[in-house]
Each structure stands twice: as structure tokens, then as C-alpha cells.
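Work the whole structure out from these sequences, hints included.
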Amino acid sequence: MIDSMTLDKSRLLHAYRRMKMIREFEERLHVEIATGEIPGFTHLYAGQEAIAVGVCEQLSDSDYIVSTHRGHGHCIAKGCDVLGMMKEIYGRQGGLCNGKGGSMHIADMTKGMLGANAIVGGGPPIAVGAAIGSNDLAGRCRGFGMPAERVDGADFHAVFDAMGRVVQRARSGAGPSAIEAMITRFYGHFEGDPQNYRAKDEVAKLRMSMDCLKRFRARMLEGGPLSTAELDAVDAEAIALIDRAVIEAKAAPPPPAADLYSDVYINY
Amino acid sequence: MPQLTMRDALNQALHQEMARDERIIVLGEDVSGGAGGTSGEREASGGIFGVTKGLLPRFGEGRVLDTPISESAIIGAAAGAALAGLRPVAELMFADFVGVCLDQIYNQIAKFRYMFGGRSTCPVVIRMAMGAGMNMGPQHSQTIYSLLTAIPGLKIVIPSNAYDAKGLLIQAIRDDDPVIFLEHKALYPRKGEVPEEAYVVPFGEANLLREGEHVTVVAIARMVPFAERAVDALAKEGITCDLIDPRTTSPMDEETIIESVEGTGRLVIVDESPPRCGMACDIAATIAQKAFRSLKRPIIQVTAPHTPVPFAPALERQYVPGPARIEAAIREAMKDE
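First to last, the sequence lines map onto chains A and B.
The opening residue of the first sequence carries number 1 in the numbering used here; numbering runs sequentially from there.
The opening residue of the second sequence carries number 1001 in the numbering used here; numbering runs sequentially from there.
Hints were generated in silico from the structure; no laboratory data involved.
We treat Cβ as the ideally placed atom computed from N, Cα and C, and that holds for glycine.
It is possible that part of the hints are untrue.
So the derived label-pair ranges between C-beta atoms look like this [as the list claims (entries may be wrong)]:
id, chain 1, residue 1, chain 2, residue 2, range
1, B, Phe1292, A, Gln195, 52 to 60 Å
2, A, Ser62, B, Ala1019, 46 to 54 Å
3, B, Asp1103, A, Asp63, 21 to 29 Å
4, A, Lys205, B, Thr1307, 58 to 66 Å
5, A, Ala258, B, Gly1085, 27 to 35 Å
Derived coverage of chain B by chain A (criterion: at least 3 residues anywhere in the stretch with Cβ under 8 Å from a Cβ of chain A; other residues may be distant) [said to hold, decoys possible]:
id, region
6, 1104-1110
7, 1115-1124
8, 1146-1159
In C-alpha cells:
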């Protein structure tokens, strides 16, 4: 099992880059959605990056994940192409699902990302099947007595280590586990949610106390292997790539009319 | 040629395909009928209808999975296993249980290929036993195919005899798209000639079982043998019919029905489903749109009533359209003569 304390510089940079990429992707979507150019419902993952990245840094492309309606972070953490994701969210040609899935259905089988899923609870049965397909038969269909642990969802290192333990358990054939990662959201349930259920300044306080990127940086400053200059360079890189993703997505043509009738075995 | 029951023809298809392709797995409640129980028997029955008999001892627990009673888990697991490269044949036992796992069928399996922009397929076969006639009551007797046929992305297969059952199931297993395979319980013991070797019956090709000049009769599943009896009885009086079994309702072979109606000008549709938004309506609408000017008489639909399937044998007999009702409908269609 890989412990977060033993992660070398390049792996820590990789993890931070993915977290920052998710943050920038979502912060930028928050701005772009307000322009009215992005169709449909969008559920932002900002604030929860340490969970997706802490989990997926323990996995490889041959491991499968299922996701939820709030799936952008899971997609990026699993390695989905952000340019293709942005086009998908804009409903354009070249999107990861050719514009036919949208924000809530981004998938990439080559990365083991079996799809965001707009049905709450729709994913777990599919994960059971992926486990069967991966010959993890020992754990199939075991719904009870599953070990679970609770972690601080704003702490990348804590999530990574918890995931290391459950992945080791799964790979050894000892079956499924659950991780409950405690976290909040920086934005509403969906873009446009008035969030009347939240206290005044709640989010501003959370952005101070529960920002996984700030926590990651603080940890590095306290003697971690990454310098502020190195982290700043990653930030600049992420901002530039997301900028390019938005420019390319806006420039991409919508899917051709004939696409309405493709990818389904018969149509009328 | 050997005579097999539809049950044994389906069983043979599963054995032959599983031997051919090791990516095929079978999963469902009691598919081995005993594994996981306290009897110590690894295979007690081969499924409650015997269709999966012998698969567990031959192919092992890694490929024949006796699951807990959770239809969503069975169908969702089949979906995930298909995405991960296997070719699952899931069994739902009774078609009525589709309600428990409909989300996995119509929101997940049916949509993957389209929703992911054509970058994945979901080669799942979902077998389910359907139909009235065995006094199994309202929650174990429905036909349900009308509801499933309405869902884009699924192929809907409904065999009426042993030969078709084997060839259609093999085609379903080899198909890259999700297939719902509906087996009428009353047809399991129905015998027919079945070749020993593997073969496929293609989807979207109706079976013309009788040829005649006066009336086109379209029938599905158990209604096919009932319609055969009615059509054969009337032939002795000189009333002859085309009898068409669509075999698959999605895709539907519209051409065969249209061509027949262009010849006869009269159409009787026999459907064990309730009358509203059902297959009979769907076929009638197709003919009204595409062969209206060929019709000499209004289309006649012979269906079950718009009620759940009753338990009491006397009521259930009344519910299921039988040869007498079909015969009466054909005579009605001939009234102008």
C-alpha cells in the first residue's frame, strides 16, 4: 500500500495539478454558465477535489469507477480529457460523448470512467458488474457487514491513505469497502440554486477552513517537498488549459443533425 | 430432426454459446436453483423453469452466478459487467419484476451507447418469463412487452416456438446491443423441430406461418399457436389467412405486415397485452399510416382487457384471448362478404 507520506515530488505535483484543474474547471463553469451559453443542469464539484483526487490517485486506468450527477471532478481525477469534457458540457462536436450525454453523463471507457449518472443510486449496481468483469468475484453482491471509514474530505492525504487501505483490501480479494468523506460544496446543488438553506457568509468561511487546495499548500509549506513557486506554476498551467478548453468548446460546432439518429440500434 | 421443447431449445442455446465464448456469464435468482442454499446441492433444479439446467456444473461458479433477490443488482451488475468486457445473460425470473429494476434497464442499459456518443456498447441479454395462463396471479402473469418496446435502445424478442427460441437467443447473445428476451411460460413445454447445431434467427424478420387470401392475422407469443388453431379451422370453410408472427417487436418487420394487408385488405391483431398503448395499437397505427387505402374493413384488435391479470382460473381464462375469440374476430373481418 502506498502511504501519502511516501509520495514523491512528481506524484504530489500530479495530485495537486488534478485538484487545481478540477477547481479551475468548476470555477470557470460557474462564470460561463451565468452567460447562458451552457445548456441544461450543471452540478459543480468545487470544494470536494481532495476526495476525487485522493481516491483516483490510488487507481489506474484499468480500475473502474462509477459516478454521480456531480461528476466533473471524478472525471478529471480519473484522467478524462478536460478539452473533451468542456466540449461535452457545451454540447458540441468533439465532446467526450459527442455532445449526446452532457454534464451528467460524461464517460470514458478507456480511462475506466463508467459514466457520471443522473440517477441517484444508479451507479452502485453497475460497479458490482464491473467487479464481476474484473474477476473480483469474492466481493460480489455482499451488501452487509461492509467495512467503512470516515475521513476529512478536505484533506487529500487523509483520503489518499483511506483509499489505499480499501484498495489493498479489494485487490487482495477481501471484498468491497466504503469511505465516507465529510465535505461541503462551494456552490449550490445545481447552478442557479438560490441556496436559501445556507447561513450568510457560510461559503466564505468554508472557503477559508475547508479548501483542500489551501490545505495542500499549507502542508507543503510546513516541510513538504513542493515549493510555492512550483505550485504557482501548476496553477498557471491549469488556468491556461481551462481557458483554452472554454475557447475551443465555444468554437466547436454543434453536433450535426444526423447525430440525433446515430448510436442507437434502430430509430424511426 | 430432433423434437425439443422450447425450454430445452433455450437450454441448448445457452450451453452452446457459453462453450463458444467464455466471456458469456449467466446471472440471476436461482439460476442453479440450490447454490448458496443449505441443501448442499450445487445445482438443485437449473432455475425454476429449468432453462439454465446443467450450466453450473459445466461452467462453474465463476460464470454461473446465483444472486441474491435484488433485481436492480442483477441487472445493474449485468450492465457493469458488459461495460467491463463480458457478455452477460441475466435472468429476471418473472417479467413482472421489471418494475423493481426498470431504472437499470431504461435509464442505464438502454442509453449507454447513445448517451456515451457511440463509444461503448452494452451487450446484455435479459431473459424473463412472462404471460398468463398458469393462475400465478396479477404480479406473476403480465406480458409487459408493450411497455418495453416503447423504450429506444432496446431490442425486444418474443419467440413463439422452440426453433425460433434457440435461434433468437443465440442471435441475442451475439448481438452488441441490449436485448430483452421474453419467454412465455405456457410455451416452455411446446415442442418443435430444432437442429442440433447452433444457428441464428435474425431480428426484424417476421415469420409467415400460414398463407391465405382473405385476412391478415398478426399474433405474438402464445397467441401464435392459438391463432394457428383458429386459422386452420376456418381454412376448412374456405376462409384463408396470412398468419404473421413478428418474432421481434423492436425492430419490427413492418414490411411483411404491410405487404400482406395490401393483399388481403383485412387485419386482425392478436395480443395478450391490455388494449391501451399496446402492440396491437402500434401495429394498427402502422397499417393506418402506411396501408390505409388497402383496408376494406376496420382493423380488429383481439387483446386482453384493460385490467390486471386475475388469479381465479375462470377469470384468467376469460382474460386471455383464445382460439374462439380469434376465430370470431376473423369472421367479423369477413362480414362484408
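Outcome of the hint check:
no., hint, in the structure
1, Phe1292/B - Gln195/A: 52 to 60 Å, "holds (57 Å)"
2, Ser62/A - Ala1019/B: 46 to 54 Å, "violated (28 Å)"
3, Asp1103/B - Asp63/A: 21 to 29 Å, "holds (25 Å)"
4, Lys205/A - Thr1307/B: 58 to 66 Å, "holds (60 Å)"
5, Ala258/A - Gly1085/B: 27 to 35 Å, "holds (30 Å)"
6, 1104-1110, "holds (count 3)"
7, 1115-1124, "holds (count 6)"
8, 1146-1159, "holds (count 3)"
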